[in-house]
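Visitor: Chain residues, written in single-letter form:
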Amino acid sequence: MDMAKYRQVFLEEATDHLAEMSRALLELEKDPANAEAIDLLFRMAHSIKGMAASLEYSSITEVAHRLEDRMQDVRSAGRVAGADGLSLLFRGLEGLEKMVARVRETGEPPPPDPQLAAALLASQAARLSEDGKKKS
Amino acid sequence: MARILVADDASFMRQMIREILEAEGHEVVAEASDGVEAIDQFKTHHPDLVTMDIVMPRRSGIDAVKGILELDAGARVVMCSALGQETLVTEALEAGAKDFIVKPFKPAAVIKTLAKVLEKEDQ
Numbered sequence: 001m002d003m004a005k006y007r008q009v010f011l012e013e014a015t016d017h018l019a020e021m022s023r024a025l026l027e028l029e030k031d032p033a034n035a036e037a038i039d040l041l042f043r044m045a046h047s048i049k050g051m052a053a054s055l056e057y058s059s060i061t062e063v064a065h066r067l068e069d070r071m072q073d074v075r076s077a078g079r080v081a082g083a084d085g086l087s088l089l090f091r092g093l094e095g096l097e098k099m100v101a102r103v104r105e106t107g108e109p110p111p112p113d114p115q116l117a118a119a120l121l122a123s124q125a126a127r128l129s130e131d132g133k134k135k136s
Numbered sequence: 001m002a003r004i005l006v007a008d009d010a011s012f013m014r015q016m017i018r019e020i021l022e023a024e025g026h027e028v029v030a031e032a033s034d035g036v037e038a039i040d041q042f043k044t045h046h047p048d049l050v051t052m053d054i055v056m057p058r059r060s061g062i063d064a065v066k067g068i069l070e071l072d073a074g075a076r077v078v079m080c081s082a083l084g085q086e087t088l089v090t091e092a093l094e095a096g097a098k099d100f101i102v103k104p105f106k107p108a109a110v111i112k113t114l115a116k117v118l119e120k121e122d123q
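Top to bottom, those sequences are chains A and B.
Taking our numbering, I'd label the letters of the first sequence as residues 1 to 136.
Taking our numbering, I'd label the letters of the second sequence as residues 1 to 123.
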């Protein structure tokens, strides 16, 4: 397979997705329960994850996967939980934008961002722990 | 060789799977970028097999499987799944999908799964 061709398709499609995600986050800032924006963010994160995995961009795959998981939680809850929740989603988007820009500039897989991945994961772990406490 | 409909909302994935299928001699008769389009293209082209992404806009891949099976109970649909979608894959298989392939696509695994589904149904 001509991976240079797929890298170009990835850059075009991921750039469009990130712009749509940015618009969706601004919608969520106005209305944290906007179902259309929540669904779009989930689908776009999922799509970026799939493309990045195909190109073996593990750092992008990891952050997109964590963001997708966060959006799955948001979908289940029906809304983004507070300013912190929204801020974390903006941080995730910004991280992905930087990584995609790095691929565009260098043609190489971007380095991992363990702090961002950990923050997205910690947020999910906190939510699961809270659910556990509610059930017990 | 089979006539195949490829449904995925990502152009990247449609191009990649088309390349894998065409290298094996299959014909991609149409592409769809959401669940509604997948059902419409199925009606138009009556393909031998459909590769169906699970997460798509308008109607999900699972909804589209149900819509296609209402049109043709013998339709062969293979789901395209990703890491962490085990529950959705199970739901799709229960809805009538024949099998699944996992992203990122490994050409040999894709061809093997599709051949198995096509052979099984030909018997």
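Everything labelled a hint here was simulated from the structure, so no lab data went into it.
All values derive from a computational prediction rather than experimental measurement.
A portion of the hints provided could be inaccurate.
[Claimed, not checked] 27 Å max Cα-Cα, derived BS3-like pairs, lysine-lysine:
id, chain 1, residue 1, chain 2, residue 2
1, B, K112, A, K5
2, B, K43, B, K116
3, B, K66, B, K120
4, B, K106, A, K5
5, B, K116, B, K66
6, B, K43, B, K66
Visitor: Find the hints from earlier in the document that the structure breaks and name them by number, from lowest to highest.
Guide: Every hint satisfied by this model.
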